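Protein chains in written order, with the numbering used here: chain H, 1 to 790; chain A, 1 to 790.
Take these hints with a grain of salt, some might be off.
Copies of the same chain look alike in the list, so a pair counts if it works inside one copy or between any two.
To be verified - Think about it this way: if two alpha-carbon atoms lie no more than 20 Å apart in a straight line, the pair counts; the simulated EDC-like pairs of lysine to aspartate or glutamate are:
1) LYS188 <-> GLU77
2) LYS586 <-> GLU565
3) LYS772 <-> ASP563
4) LYS51 <-> GLU22
5) LYS586 <-> ASP473
In short, the hints are calculated from the structure, not lab data.
Computed from a prediction, not measured in an experiment: that's the story for all the values here.
There are 2 protein chains.
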Amino acid sequence: MTSGDPFDIAPWGIGATGWDPERIARRESVFALSNGHVGWRGSLDEGDPCKVPGAYLNGVHEQHPMPYAEDGYGYPETGETVINVPDGKVIRLLVDDEPFDIRSGTLHEQTQFLDFAAGVLRREVRWTSPTGRGVTVRSTRLISLTHRSLAAIDYEVEATDAHLDVTLLSEIVANEPLPEVHPDERVKKALERPLVPVETFVSGERATLLHRTRRSGISVAVGMDHVVEGRATVDTEVADDVARTTVRARLGRGDGIRIVKYVAHESADALEDATLRDRVEATLAAARELGWEGLVHEQRAYLDRFWAHADVRLDGSPRLQQAARFALFQVLQSAARAEGRPIPGKGLTGPGYEGHTFWDSEAFVLPVLTYTIPDAARDVLRWRHAVLGLARERATQLHLAGAAFPWRTISGRECSGYWPAGTVAFHINADIAAAVVLYVGATGDTDFERDHGLELLVETARLWVTLGRWGADGSFHIDGVTGPDEYSALVDDNVFTNLSAQRNLEAAAAVARRHPDHARRLGVGADEMAEWTRAAVAMTIPYDHERQVHQQSAGFTERERWDFEGTDAAQYPLQDHFPYFDLYRKQVVKQADLVLALQVAHEAFTAEQTARAFAYYEELTVRDSSLSAPAQAVVAARVGHVDLAMDYLTEAATVDLADLRDDVDDGLHIAALAGVWTALTAGFGGMRETDAGLQFTPRLAHPLTGMAFGICLEGRTLRVEVTEEATTYAIDAGPALRIRHFDDDVTLEPGTPVRLETPPLADPGPAPRQPKGRSPHELLAAADGDHEEH
Amino acid sequence: MTSGDPFDIAPWGIGATGWDPERIARRESVFALSNGHVGWRGSLDEGDPCKVPGAYLNGVHEQHPMPYAEDGYGYPETGETVINVPDGKVIRLLVDDEPFDIRSGTLHEQTQFLDFAAGVLRREVRWTSPTGRGVTVRSTRLISLTHRSLAAIDYEVEATDAHLDVTLLSEIVANEPLPEVHPDERVKKALERPLVPVETFVSGERATLLHRTRRSGISVAVGMDHVVEGRATVDTEVADDVARTTVRARLGRGDGIRIVKYVAHESADALEDATLRDRVEATLAAARELGWEGLVHEQRAYLDRFWAHADVRLDGSPRLQQAARFALFQVLQSAARAEGRPIPGKGLTGPGYEGHTFWDSEAFVLPVLTYTIPDAARDVLRWRHAVLGLARERATQLHLAGAAFPWRTISGRECSGYWPAGTVAFHINADIAAAVVLYVGATGDTDFERDHGLELLVETARLWVTLGRWGADGSFHIDGVTGPDEYSALVDDNVFTNLSAQRNLEAAAAVARRHPDHARRLGVGADEMAEWTRAAVAMTIPYDHERQVHQQSAGFTERERWDFEGTDAAQYPLQDHFPYFDLYRKQVVKQADLVLALQVAHEAFTAEQTARAFAYYEELTVRDSSLSAPAQAVVAARVGHVDLAMDYLTEAATVDLADLRDDVDDGLHIAALAGVWTALTAGFGGMRETDAGLQFTPRLAHPLTGMAFGICLEGRTLRVEVTEEATTYAIDAGPALRIRHFDDDVTLEPGTPVRLETPPLADPGPAPRQPKGRSPHELLAAADGDHEEH
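Chain H on its own, in the form it takes in the complex (with noise of 0.2 Å):
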């Protein structure tokens, strides 16, 4: 990306050498290890320095109440927030009696490395003490993707001089302190060591702490065990607070001492003490059963069949091969066994959001999981269906029928506390519903639509009725709502969110009558399908006839346009430096929002109207979210700007790699990765799901001479794979597929690759403009900028 990036470009993983006091939390973002269920944050073993220590199991939170100068009817009132789990990967090691610490004595060399295709992360230090004692250390840490509560840290110390005392101090921590936790009394006084101490257990190597949260009254049970090999004394003790494993041992010069240490999570609202603290023991026995090296290979083995499907293979940019790889690497991370929880917005990488999920699960991560791990997409899909009943309270509480969906939170309840970008953004119901359909479309598992999909349109669809109202023209009006924009709020008919509601209803209806006797089941009678069809056909889309473009919602284009040539580079990001209402009265748009229609609901939208559109709002777009870039790539290269597309693909790969909005200490923008594969497969591979199954439109744009990717679609392996010349599409197991490849129809069959030439692009005209300073090249150049000032 950016010349100020400090990371190692490889094609199976991402490193980095030294240490950089400027960048301890960023490596620790980057670097970190997550199966969706448990995270760890890239730390190193030692423990220090750290910024932000991080050990997750995902749902674990506390509650805190939520403060409001004024209050107002319908405002959540306890807030949630992602917590430090006991932290099972300090190892701290003592030379000679002087700690390890890279800030002391003489560091020869550090690297860390994270591994794509082993799922692991490696790190080796050449380090003498101040006392002039040297070692290597070497480590290897992994949450496997296998086993799903287990983590595990193979640790090796060698001596580099003679006659050395070291002591390993291999620790599970509860209650760390935490750098800042929250600016207000209250939420932080309900943070601060938020895990009591309920027991303890010690045998052998193995250790165990068991706690519980003040409010959300959340058990957790974290335990260890260890393998030694080398000559050592071990002893493992407990107190409240930490699990200490203590090793000790005298290293000749070459000589090495080695640990294996294996961690084992659980939690639960609800189950006995006994219960958590037997699952604990039965992880960490099998998988002192299994072995490191077992744990390795299987490890090793769930992530080829992962690429072996999924991998995007790049030709001409190896910077872009290794950043369109850890985007997918870490999307999986974020998602493959969270299995009943929801995906924060961060992943398990960070406290950012305060780990809340939001729409960005549905609408960004889920058709990424949907085509690379279908599995993962359902199971959150499970678990909304698993908290529609807290959906279905709020609804009642905001006077309307069906389910509303929160805004953001941890265990289904609403946690927005400014309900103009919050309760009101109602689109999140129809994203969900979005992904359901997509989910069953390209899976074809009808169990789940039966037994989860349908329940899931059904009560959105029933919101959508409810809020939405009739006009006197015999029009369906949504009045009142926020769209992906948040620099508009309280709109009338965004374009976004009633095509959203439109193909919500039709779903709702359509897969009810697939369903009938569990759609009479959820109540659900011929009247009901009826209303959801006409007010899905009725749907009004608001479009200027002047100015011929459609409005981002009704009345967008007439607004007056914000003074873009007035509004500095430091005055960015807007919200940070103008009030809200000036933002929503004036056309500027914060992130994608018709732009994000034209991408999903491509078929509402004629060529022409597209390329208009795209033009109008790239004007006014200042892209202060990092939702943004991944939609205007795909719409950018779907209307032939591929260099534009280009460029806001390298933005979005750009946002964490090289921390273009200097926020990645909290952690990873996982939308955001998720985007730099839409990009790539919905934009330059110009895919996307029609009525006759899937179409692609491949072109490429400089540096790309190549591109493939593959796709889960019903059990099978769609390949595709894009020169400048041609596609060729593959599928390896049956039965037939359609596709569509530009404007032909095609039928694939197993074994048999078709190549299809790419037809000459069409002039798109002059690319459109983006407001003063924000081009993403400008906006790389200024990341750049930045970065050199450290």
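Given chain H, work out where chain A should sit, using these hints.
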């Protein structure tokens, strides 16, 4: 009022007898005494039972952090809340060592009476202690209208049994515990015991406590002195938070002991402590010199002068007569000696609204003050002028020119924690400008106009020019603001706001032309004045041509109508039972907005437009605010629906005396009380300002058979006496005054009353309807029902 009304009817005062534990706080509010600078709630002398102790000094407040669940640019960080100053009204009584407490022993009789003519609160209690010892206590309390910082109590105990040992503990109590401070921890912490003791002074029977607020750094000195009549021992002592004079006497049957207590109050941001104390001492010395009878005499003389020109006489309804005088008396009390301080929404009668001042002050209270005690109106506007610097800073923060006055404040800093009904309610700036124009027009005070008014008009005009924008059609728009109706927010071209801004701009240009040198010093040039005029002329006033009715704001009449039929009585106020977004997007009006524009900007509407608009908005207005009924009364009367006007007048007069909204415990609704006067004069009197002077269109309604009121106009008094047949106008001094009676222009000469007949009332057609259950009749009936449930 309503049948649940527990107050005794009298023409020049209001009384209550007995004691009702349910109504303690309400009586404390109704019997509050104030001069606008010092305020004492009507608590019982002995301090208990008490619900909301209240001793206020205008402007004395404490700061506290303002909490937000999610932060935003420009959100105020520091809140302000009125606090109790050391309370000097407490005189505890022991009868044979038994505390005098009306909850114990036998209460034979208790009367309280607030005397509007004397300006005192009288109380008499006959009581026998649990041990059978009887006393009669008589107290008279006043807060001096002639000595700004002085309050005094004449307290007398008479023995109705022989050999009674009586002990009086006359106190100043600081940091009294409050019933419920604030739900938020940070705020609560900041407001608990807000006064830090600095110093105490005692000398003979004189004692002074000096405190300082912890965060806002305001020094407060309260001192007392006593004159004791009767044989007694007297002893005075002080501690940090209490000063106490103990008076002991042994009384024979029929003997009495009487003390007069003087209490002086001073506060300052910056003065030396010694200066504060000296001022207190000087005030106490002057008070002793003057004596109780002297004080009482001055008080009555002050009020005699006030009532002589300002009284509203109502024939035909003793209840309405009392309500009208109560209202005017409380308005006077809220403002008479505020001098450089704002008028809080509750005056100094309680802690409601945190003691903040709002637009109520300029839009509702100042018109009454302008016509009855114009110096007080001037002083409030001088306060606005004094805090112009803060308003300029706020405008700069919002990227606007000129001044943006705070929606709610004590110090002049914005304290609104909900921007959609705070920051963007920019009309407050035009409300202040309108108050300037009205004051100068009624008084001819050109010194004020030049030295204060001009700058207020210029800086508010500058705001509008940058807040608004020029449309492609050449018209001037003001987008994204909130008008008076808090059930609509972030609207474009709110008629009330735009008409008010228009007058603001016109007045700024006109006054700048009258004072060219001073205008030049404010940087006002010909170009800027021309711009103001252009914007005023081009101001957009949305009108629905299909429905032939003005739109409260652009598009308002096309919004979905609130489901009034489906809304239960228990669901009012709507804001407590429905989310804002649903209220905002529908046609439902909390309080007069377009109707307030009909009232104050009457010349912008034809008679037909006024009648149609009134009827249209009547169907939508639910009056969930006490600020609504007065404007509805005025416009109802003007369009000829005089019985409906009477209902609204009755409602306005009932808000406090029958506790219509169940919130009088926290203080009186000063603006609604001002609205009683306005409903009478501008409604039944038909008084309105026109370019050709005041116009009157007087019409009475049952039960009124006659009405007389006085208006201060450029130093003279205009008396208007209305009967059903005719109206008599008279001025008491020269020069001649031109007025208009209906459509006739009349010139009044001093000493020559003019009697003009009332033309017949044209049929106004059927009375407009209100939303289900929200007619003033229904509301009053519902309030009656509520009270009966107690």
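Any of the earlier hints contradicted here, and which numbers? Nothing - there is no hint that the structure violates, so all of them hold.
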